[in-house]
Amino acid sequence: MIFQGLHTKFKAIVIGGSAGSFQGITRILSRVPEDFPLPIILCLHRLKHVRNGFMEALSIKSIKNVVEPYDKESIKPGKVYLAPANYHLSIELGHYFSLSTEEMVNNSRPSIDITLETGAYTYKNKLIGILLSGANKDGAMGMKNIKDSGGFTVVQDPRECMINTMPSAALEMAEIDYTLSIDNIIELFFEIHKLYK
Amino acid sequence: MQEIHIVDIRKLTEIIKSKYGYDFTNYAISSLKRRIIRILELYKFKSVDALGKRISEDPVFFEEFISEITVNVTEMFRDPSFWRILRDKILPNILLNNKRIRIWHAGCSSGEEVYSMAILLKEMGILENSKIIATDIDDQILKRAKSGVYTVKNMELNEKNYVRFRGENELNRYFKIKNGLTYMDKSLVKDVSYRKQDLVKGGVFNKFDIVLCRNVMIYFNQNLQNDVLKKLHESIFKYGYLAIGSKESLIWSEIANKFIVANNEEKIYKKIKE
Ligand SMILES: C[S@@+](CC[C@H](N)C(=O)[O-])C[C@H]1O[C@@H](n2cnc3c(N)ncnc32)[C@H](O)[C@@H]1O
Numbered sequence: 000m001i002f003q004g005l006h007t008k009f010k011a012i013v014i015g016g017s018a019g020s021f022q023g024i025t026r027i028l029s030r031v032p033e034d035f036p037l038p039i040i041l042c043l044h045r046l047k048h049v050r051n052g053f054m055e056a057l058s059i060k061s062i063k064n065v066v067e068p069y070d071k072e073s074i075k076p077g078k079v080y081l082a083p084a085n086y087h088l089s090i091e092l093g094h095y096f097s098l099s100t101e102e103m104v105n106n107s108r109p110s111i112d113i114t115l116e117t118g119a120y121t122y123k124n125k126l127i128g129i130l131l132s133g134a135n136k137d138g139a140m141g142m143k144n145i146k147d148s149g150g151f152t153v154v155q156d157p158r159e160c161m162i163n164t165m166p167s168a169a170l171e172m173a174e175i176d177y178t179l180s181i182d183n184i185i186e187l188f189f190e191i192h193k194l195y196k
Numbered sequence: 000m001q002e003i004h005i006v007d008i009r010k011l012t013e014i015i016k017s018k019y020g021y022d023f024t025n026y027a028i029s030s031l032k033r034r035i036i037r038i039l040e041l042y043k044f045k046s047v048d049a050l051g052k053r054i055s056e057d058p059v060f061f062e063e064f065i066s067e068i069t070v071n072v073t074e075m076f077r078d079p080s081f082w083r084i085l086r087d088k089i090l091p092n093i094l095l096n097n098k099r100i101r102i103w104h105a106g107c108s109s110g111e112e113v114y115s116m117a118i119l120l121k122e123m124g125i126l127e128n129s130k131i132i133a134t135d136i137d138d139q140i141l142k143r144a145k146s147g148v149y150t151v152k153n154m155e156l157n158e159k160n161y162v163r164f165r166g167e168n169e170l171n172r173y174f175k176i177k178n179g180l181t182y183m184d185k186s187l188v189k190d191v192s193y194r195k196q197d198l199v200k201g202g203v204f205n206k207f208d209i210v211l212c213r214n215v216m217i218y219f220n221q222n223l224q225n226d227v228l229k230k231l232h233e234s235i236f237k238y239g240y241l242a243i244g245s246k247e248s249l250i251w252s253e254i255a256n257k258f259i260v261a262n263n264e265e266k267i268y269k270k271i272k273e
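Residue numbers (numbering that gives the first Met the number 0), protein chains in the order written: chain H, 0 to 196; chain C, 0 to 273.
Because the hints were derived from the structure by calculation, they are not lab data. Take these hints with a grain of salt, some might be off.
Said to hold, decoys possible - Over the 10 Å line for every Cβ pair with chain C, so calculated as not near, a few chain H residues: (1) G4; (2) S29; (3) A56.
Stated by the list, open to error - Capping the alpha-carbon separation at 20 Å, the derived lysine to any residue pairs in SDA-like fashion look like this: (4) K75/H to N220/C; (5) K257/C to E273/C; (6) K8/H to Y195/H; (7) K75/H to I250/C; (8) K159/C to G52/H; (9) K123/H to E2/C; (10) K189/C to L126/C.
Quick caveat, the model's predicted, so the values are computed rather than measured. Don't be surprised by glycine CBs; every beta carbon is placed ideally from N, CA and C.
Could you build the full structure based on these sequences and the hints that come with them?
Have a look at this one:
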């Protein structure tokens, strides 16, 4: 596949997902190579009161290690971060994270909209947003924020999603650059990887 | 959602600082921004300027503002494993050298954390030997804390946490339900003193065996965290403990080397140097 609009100025990738996204995300992470250059920030809906296990489950399936950032931890190239249970994850202007326990947004904490929106604000047109399978509309607004800031937007093909409410909502609300299967999303990662070599 | 600019936020924090002496300048910017936008929508202000004008003219409204700008979301026995470690390791350790335990809840919000502590102390049989001080910047939330009245919905979550904590009883032994609300057994907190205190501008006012400041400093930027941590350090007896939120860290702060890790998973630190 040929992707238009890819370039080496990208600084980060944010991936949002909810119900039905676990398999897709692990398939992606099982292929993203060790020396992939950009930070990958995962905001996935998860059980609010189960603090442990999820990060480990993702790590096992990934080539790279997955970590839950601490509050005010700086964002490093090539690392994979996962929003911790029961906290919103914001991306701050100095390229670091902050956490908060504000009210749920779209019935969710972490809320994908919050991570995407703060990411768009911080990285402007240097952010890639990817939204996977999910059962609510969280993330749609955030994808619009990314597009409005000049970033690159991708949703998982609704026909492939276990539950397509989330990518469909994003397609309705925002201009989406590519609607892709998980296999093609993996290809997108390979293309980005090549660009930075 | 409307977009607001950092310069507008700066103007607002200046007004608040000069008029009321609270300083939000070094609060973490993205959550502060979301809080301000939320207030604009809630009270239908057209702009941050309009909000600033109202604040500078209306001290009563300012109280409400403080209440809305702060994030008060909390739970009883939040992170049940934290409370288990307190019961099984940390408090017994304090009791080795002390008859009394002096406890400070800094940023106690609506008081769930205080009730968790009181219940834990009661079940350990040491509630009478403990002195708890609970503080927050937000007067309205302190009133809620003192009232000990919570919604049934929140109490369901609290009960789940209590089960995970593996308490001795059922949580419902400590509250009554009336008219769709839960009323905590106030005898648990009869010796607790609730006070308004600002961690940013306020000074060190006492010393404690353990200070809990959980999910409060996440709303501060790193510089402010550092300043507040210095005060917390000063407020703890040597070999006393500091507990912060499970996703916070001391690593970046100046006082990091004055503490050792007592429990890394639950973010409990022991003070070893003045
Ligand atoms: C999210 S709650 C944490 C409650 C509880 N400690 C917990 O972990 O569940 C944060 C609390 O910090 C308080 N707070 C914010 N800024 C403060 C300050 N400068 N001084 C004292 N308390 C503050 C807020 O009013 C709020 O009640």
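Checklist entry - So which of the earlier hints does this model not fit? => result Going through the list in order, the structure violates no hint and respects every one.
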